[in-house]
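Construct all of the structure, not just a fragment, from the sequences and the given hints.
Here is how the chains run, residue by residue.
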Amino acid sequence: MRIGVPRALSFFRFHPAWAAFFDRLGLELVVSPPTNRATLEAGLPYAVAESCLPIKLFYGHVRALVGQVDYVLAPSIRRLAPGSTNCARLIGLPDLLQATMPDLPPLIAPDIDLSQGLSALISLLLEAGAPFTLNPLTLREAVMAARDAYQAARQAMMEGRLTPAGFDRPGGDGPLWPADGIPVAVVGHPYNLYDPFINHQLLNRLARLGVNALTPERLGPQPGDDYWAFEYELVGATRRALERGVKGLIAVVAFGCGPDAVLVDELQQMSRERGVPLMVLVLDEHGGEAGLVTRLEAFVDMLHWRSAKWKSF
Amino acid sequence: MEVFLGIDVGSVTTKFAAVDEEGRLLTSLYRRTGGEPIQAVCEGLAQMGKQLPAGVRVLGVGTTGSGRQLAAAIVGADVVKNEITAHAIAALHFVPDVRTVIDIGGQDSKLILLRNGIVVDFAMNSVCAAGTGSFLEHQAYRLGMTVEELGQRALRSNHPVRIAGRCTVFAESDMVHKQQMGHPMDDIIYGLCQALVRNYLNNLALGKTLEPPIVFQGGVAANAGVVRAFREALETEIIVPPHHEVMGALGAALLAREWSDSQPSRFKGFDVAQAEIQATSFECRACPNLCEIAQIRMDGRIVARWGGRCDRWEVM
Chain Z
1 MRIGVPRALS FFRFHPAWAA FFDRLGLELV VSPPTNRATL EAGLPYAVAE
51 SCLPIKLFYG HVRALVGQVD YVLAPSIRRL APGSTNCARL IGLPDLLQAT
101 MPDLPPLIAP DIDLSQGLSA LISLLLEAGA PFTLNPLTLR EAVMAARDAY
151 QAARQAMMEG RLTPAGFDRP GGDGPLWPAD GIPVAVVGHP YNLYDPFINH
201 QLLNRLARLG VNALTPERLG PQPGDDYWAF EYELVGATRR ALERGVKGLI
251 AVVAFGCGPD AVLVDELQQM SRERGVPLMV LVLDEHGGEA GLVTRLEAFV
301 DMLHWRSAKW KSF
Chain R
1 MEVFLGIDVG SVTTKFAAVD EEGRLLTSLY RRTGGEPIQA VCEGLAQMGK
51 QLPAGVRVLG VGTTGSGRQL AAAIVGADVV KNEITAHAIA ALHFVPDVRT
101 VIDIGGQDSK LILLRNGIVV DFAMNSVCAA GTGSFLEHQA YRLGMTVEEL
151 GQRALRSNHP VRIAGRCTVF AESDMVHKQQ MGHPMDDIIY GLCQALVRNY
201 LNNLALGKTL EPPIVFQGGV AANAGVVRAF REALETEIIV PPHHEVMGAL
251 GAALLAREWS DSQPSRFKGF DVAQAEIQAT SFECRACPNL CEIAQIRMDG
301 RIVARWGGRC DRWEVM
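Line order of the protein sequences matches chains Z and R.
Counting in my numbering, the first sequence runs from 1 upward without gaps.
Counting in my numbering, the second sequence runs from 1 upward without gaps.
Worth flagging that the hints you see were computed from the coordinates, not collected in a lab.
Only a predicted model underlies this, so the values are computations on that prediction, with no experimental measurement involved.
Where hints are given, some of them may not hold.
To be verified - On the chain R side, residues computed to face chain Z include the following (Cβ under 10 Å):
1) ASN82
2) THR85
3) LYS110
4) ASP121
5) LEU206
6) GLY207
7) VAL303
8) ARG305
9) ARG309
Note that the Cβ used here is the ideal one computed from N, Cα and C, for glycine as well.
Structure (structure tokens):
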């Protein structure tokens with residue numbers, strides 16, 4: 001039995017857990033290949049026009065799995081914390097898929113609602129595993145393995161040994177950033193930060209410019225207890241980065257993302273209060289990267305300039 | 001005589017500037033890129049060679065603008081810098097205590113904030129080019145005027161009409177409608193300038209404080225109507241420096257001057273226009289990204305390659 005995992009959206013957060021879980025159930029996991037131009041083109045016809053780029057890419061990744069797998073994993077992520085919510089397009093993801101793709105294999109689409117605590121998490125995993133085994137011991141073991149793998153991955157990311165881009169690579173992907181570079185908080189949803197296609201190799205470019213990019217994953221879990229819980233995790237990460245003395249803030253947001261508008265507003269306030277410059281990078285479909293490169297170079301020039309390390313200024 | 005050259009290859013125009021060892025502007029050139037950046041660079045360089053006294057020695061070359069890599073490969077540049085830094089350096093050169101730089105070019109607009117001679121914040125238009133020079137030019141063309149005439153007409157307006165500035169296409173519909181309603185052209189044109197300024201301030205200046213002295217540069221600063229609209233919106237004096245249209249190139253030349261301590265310049269000479277320059281492109285099939293790789297040959301030798309998402313072709 002082959003379970004298809006789209007390399008998009010929640011892959012970049014929860015994949016280690018799902019990988020361990022399905023592995024314990026003896027199922028084979030097929031992750032769609034890294035995003036490329038064809039992924040976007042395959043996804044576009046299925047996405048409503050107002051969708052953000054990450055959603056369009058998710059559809060494309062699902063297309064890469066259709067015909068290759070027996071099931072596709074497409075969880076609906078509702079809540080991270082009590083009183084919080086998530087983007088309607090993410091909550092409705094499995095329904096949207098089913099409505100637009102007639103040739104879709106059966107979905108594994110549990111409702112993820114972490115506001116109900118651990119028991120709810122366990123019951124949703126049990127639900128996800130139900131089509132494959134009803135043996136409570138196996139399921140219990142798979143649930144525990146999922147939890148351990150998730151925590152181990154978060155720890156490895158904090159220590160800089162792993163990034164979400166390396167979730168399905170044995171041994172991870174090593175550090176991407178020069179440890180002695182200029183410390184800059186690079187804040188955004190993991191699917192925007194760790195998919196090099198969507199952001200035009202942002203992290204590699206920053207590394208080459210000598211930036212030590214402190215991403216939320218490196219800063220460790222932050223409480224996400226406000227209405228837009230994912231976004232408030234990022235606000236918390238930014239606060240911690242500021243405590244660690246970062247010289248700049250870079251926010252990476254998808255064009256048209258509603259919840260990210262809240263994030264950008266919070267970051268603007270923090271930037272003003274702390275006197276740390278903020279640059280907002282908006283990701284969309286256009287392929288030209290000249291604008292992005294110009295912004296990154298100018299931002300790094302500015303940080304050098306501000307720290308008076310610039311040769312003659 | 002010893003000079004430093006700066007070249008700014010923008011989307012719509014290509015600019016050249018030459019400064020002496022004291023950083024004084026000797027001569028400059030402003031011409032259309034015309035979709036042919038290689039030709040624009042070669043011809044412009046040859047023209048600069050003519051404008052400068054015979055026998056000048058070029059001690060350093062800087063390039064900037066969206067075509068900076070291309071220009072650097074063709075002419076042999078010593079410094080390749082982004083437009084933000086280049087514009088900031090140039091503005092500081094003319095107005096040492098400048099605190100705000102507004103730059104509006106052909107397809108992008110920038111806002112640079114400086115404090116004590118240091119860039120502390122900046123913004124560029126991101127996903128939309130409404131409110132840049134291309135838009136004004138298109139409207140001027142539609143009305144059968146030059147951009148300068150557009151500016152002069154705007155100065156005569158007493159009761160500007162409100163034009164939607166959010167989107168170029170809708171702004172045009174709005175203008176057509178106001179024309180059909182019989183509003184005087186001067187008022188429509190100034191309404192358009194105000195819309196452009198509103199768009200700029202909404203997009204780039206949101207949450208930022210624009211403190212004087214404010215320097216306005218870039219091609220659009222030639223439009224007196226836009227200058228007036230900025231002055232009225234910000235309620236402060238707007239400084240349009242002399243040579244405002246070549247500030248990027250001037251900044252690049254000044255950066256080249258800074259760079260040049262002792263190293264010999266890589267400059268290939270003004271007669272680079274004589275070389276046979278070929279630009280070709282191909283689709284890389286090494287991975288599903290199918291990147292379009294462009295390569296530049298000079299006299300048969302490949303001097304630059306870019307366009308890939310990875311480094312495969314860029315390392316030579």
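- Holds or violated: is the Cβ of ARG309 (chain R) closer than 10 Å to a Cβ in chain Z? holds (6 Å)
- Query: Going by Cβ atoms only, is LYS110 (chain R) closer than 10 Å to chain Z?
  - Reply: Because about 9 Å separates LYS110 (chain R) from the closest Cβ in chain Z, which is inside the 10 Å limit, the hint holds.
- Query: Quick one, is the ASP121 (chain R) hint okay against chain Z at 10 Å, beta carbons?
  - Reply: For ASP121 (chain R), the interface hint holds, since the closest Cβ of chain Z sits about 5 Å away, which is under 10 Å.
- Item | Hint check, LEU206 (chain R) versus chain Z [nearest Cβ-Cβ separation less than 10 Å] | The hint holds - LEU206 (chain R) has a Cβ within 10 Å of chain Z, the shortest such distance being about 8 Å.
- Restraint check, 10 Å cut-off on beta carbons, for GLY207 (chain R) near chain Z: holds (5 Å)
- Query: Does VAL303 (chain R) pass the interface check with chain Z, least Cβ-Cβ distance below 10 Å?
  - Reply: violated (19 Å)
- So, ASN82 (chain R) near chain Z? Judge it on the closest CB pair being under 10 Å. The hint holds - ASN82 (chain R) has a Cβ within 10 Å of chain Z, the shortest such distance being about 4 Å.
- Task: Please verify that hint: ARG305 (chain R), Cβ, nearest Cβ of chain Z, below 10 Å or not.
- Result: Result: violated, 15 Å to nearest chain Z Cβ.
- Quick one, is the THR85 (chain R) hint okay against chain Z at 10 Å, beta carbons? Check passed: Cβ of THR85 (chain R) comes within 5 Å of chain Z, closer than 10 Å.
This entry does not satisfy hints 7 and 8, going by the numbered hints stated previously.
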